[in-house]
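Number of protein chains: 2
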Amino acid sequence: MSENFFEKRKSIQQIEESEDLAPKFDKDGLIPVVTTDFKSGEVLMQGYMNKDSFIKTITLGEAVYYSRSRKTLWHKGKTSGFIQKIKEILIDDDQDCVWLKVEVVGGASCHVGYRSCFYRRIPLGKSETNSKIILKFTEKEKVFNPKKIYGNTENPTKL
Amino acid sequence: MSENFFEKRKSIQQIEESEDLAPKFDKDGLIPVVTTDFKSGEVLMQGYMNKDSFIKTITLGEAVYYSRSRKTLWHKGKTSGFIQKIKEILIDDDQDCVWLKVEVVGGASCHVGYRSCFYRRIPLGKSETNSKIILKFTEKEKVFNPKKIYGNTENPTKL
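Residue numbers (the numbering used here), protein chains in the order written: chain Z, 1 to 159; chain A, 1 to 159.
Hints should not be assumed to be uniformly reliable.
The list makes no distinction among identical chains, and a pair is therefore deemed to hold if it is satisfied within one copy or across any two copies.
[Stated by the list, open to error] Here are the computed lysine-lysine pairs in the DSS-like style, where the Cα-Cα straight-line distance is at most 30 Å:
hint: 1; residue 1: Lys87; residue 2: Lys71
hint: 2; residue 1: Lys8; residue 2: Lys51
hint: 3; residue 1: Lys27; residue 2: Lys8
hint: 4; residue 1: Lys39; residue 2: Lys87
hint: 5; residue 1: Lys136; residue 2: Lys39
hint: 6; residue 1: Lys71; residue 2: Lys132
hint: 7; residue 1: Lys78; residue 2: Lys158
hint: 8; residue 1: Lys78; residue 2: Lys24
hint: 9; residue 1: Lys24; residue 2: Lys148
hint: 10; residue 1: Lys142; residue 2: Lys87
hint: 11; residue 1: Lys85; residue 2: Lys71
hint: 12; residue 1: Lys101; residue 2: Lys8
hint: 13; residue 1: Lys24; residue 2: Lys126
hint: 14; residue 1: Lys158; residue 2: Lys132
hint: 15; residue 1: Lys56; residue 2: Lys132
hint: 16; residue 1: Lys24; residue 2: Lys132
Honestly, the hints are just simulated from the structure, not real lab data.
Extracted from the complex, chain Z is given alone in its bound form (with noise of 0.2 Å):
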């Protein structure tokens, strides 16, 4: 079914200028995805989407990635009802990047809590023989207590 879904990578032209769907996965499979909030700008989160799932994003409108952790379709939100709902999707110039605007229902998009993925800030100008980087948080309350929500399922962060 993929295979007709997009087409063919045939030449630089085509990819970049052509109005043709044509889109590059990894040797694993997957393409990298950009999610934003429709409304603010902000970057929720960053995840992977293989050709199933994104297909499925495309054809349902929510956002379905891939997880690595756990090598599975994941329609983001079925556990913790946070959907995330496609205002619109982009292509980058080689087609090997998706970004997702969406509106997410409730409001939160990161596991841990926060609204968004990015909540800590890394100072600039660090000399590279200074002393430690503190990261600052730039979100202070968590929308949502993960205990709450996802009991005691594994934590997808890794080591």
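Following the hints, complete the assembly by docking chain A onto the known chain Z.
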């Protein structure tokens, strides 16, 4: 040098909830980077950094990526003049993705000539058995002429 710059990944708690910068580089030594326009919030591009380019980005305050096609550090804008000045750097929950908010000197980030690399929209709701997907161009005019800027430099887009 890079060993002292970043913290070792010790625990889920440290990675998710502490002020330690303990990024995860993949098996190729890379971490994905999402780059947005500081003012408009638009996603301009998605790239990769290795340890050295990550350190250079933080210390220099300009985006330095790792080019997977050229297998070398890539100080964005050195050829084209479209330097990305870093306004803010954020890292995600499990510290395996970086978000750069930048101001682009000259206003273009895409080697094809557009402002953003994401200049085509994928139409939503296509049925899996339907006819071909037709991408829609969201940018009408190029910001620059790639042939004038890059000359005969090899195109980074690969089949």
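The hints, checked one at a time:
In the homo-oligomer, the alpha carbons of Lys87 and Lys71 lie at most 30 Å apart inside one protomer (26 Å), although the nearest pairing across protomers, at 36 Å, exceeds that limit. For a Cα distance limit of 30 Å, the shortest separation of Lys8 from Lys51 inside one copy, 13 Å, qualifies, whereas the shortest one across copies, 34 Å, does not. Taking CA atoms no more than 30 Å apart as the test, Lys27 paired with Lys8 passes in both settings, with 16 Å inside one copy and 28 Å between copies. In this assembly of identical chains, Lys39 and Lys87 lie within 30 Å of each other by CA distance both inside one copy and across copies; the values are 10 Å within and 21 Å between.
Taking the shortest alpha-carbon separations for Lys136 and Lys39, both the intra-copy value of 24 Å and the inter-copy value of 21 Å come in at or below 30 Å. For a Cα distance limit of 30 Å, the shortest separation of Lys71 from Lys132 across copies, 29 Å, qualifies, whereas the shortest one inside one copy, 35 Å, does not. Taking the shortest Cα distances, Lys78 and Lys158 sit within 30 Å of each other inside one copy (21 Å), while across copies they are farther apart (36 Å). In the homo-oligomer, the alpha carbons of Lys78 and Lys24 lie at most 30 Å apart both inside one protomer (27 Å) and across protomers (27 Å), since each shortest distance falls under that limit.
When the C-alpha separation of Lys24 and Lys148 is checked against a cutoff of 30 Å, the pair qualifies only between copies, where the shortest distance is 28 Å, while the shortest distance within a copy is 38 Å. Proximity of Lys142 and Lys87 under a CA criterion of 30 Å is satisfied in both settings, with 25 Å inside one chain copy and 25 Å between copies. When the C-alpha separation of Lys85 and Lys71 is checked against a cutoff of 30 Å, the pair qualifies only within one copy, where the shortest distance is 23 Å, while the shortest distance between copies is 37 Å. In the homo-oligomer, the alpha carbons of Lys101 and Lys8 lie at most 30 Å apart inside one protomer (26 Å), although the nearest pairing across protomers, at 34 Å, exceeds that limit.
Proximity of Lys24 to Lys126 under the C-alpha cut-off of 30 Å is restricted to the inter-copy arrangement: shortest distance 20 Å between copies versus 36 Å within a copy. Only within a single protomer do Lys158 and Lys132 lie at most 30 Å apart by alpha-carbon distance; the minimum there is 23 Å, versus 39 Å between protomers. Proximity of Lys56 and Lys132 under a CA criterion of 30 Å is satisfied inter-copy only: 16 Å between copies versus 44 Å inside one chain copy. Proximity of Lys24 and Lys132 under a CA criterion of 30 Å is satisfied inter-copy only: 17 Å between copies versus 39 Å inside one chain copy.
Consistency note: the structure conflicts with none of the earlier hints.
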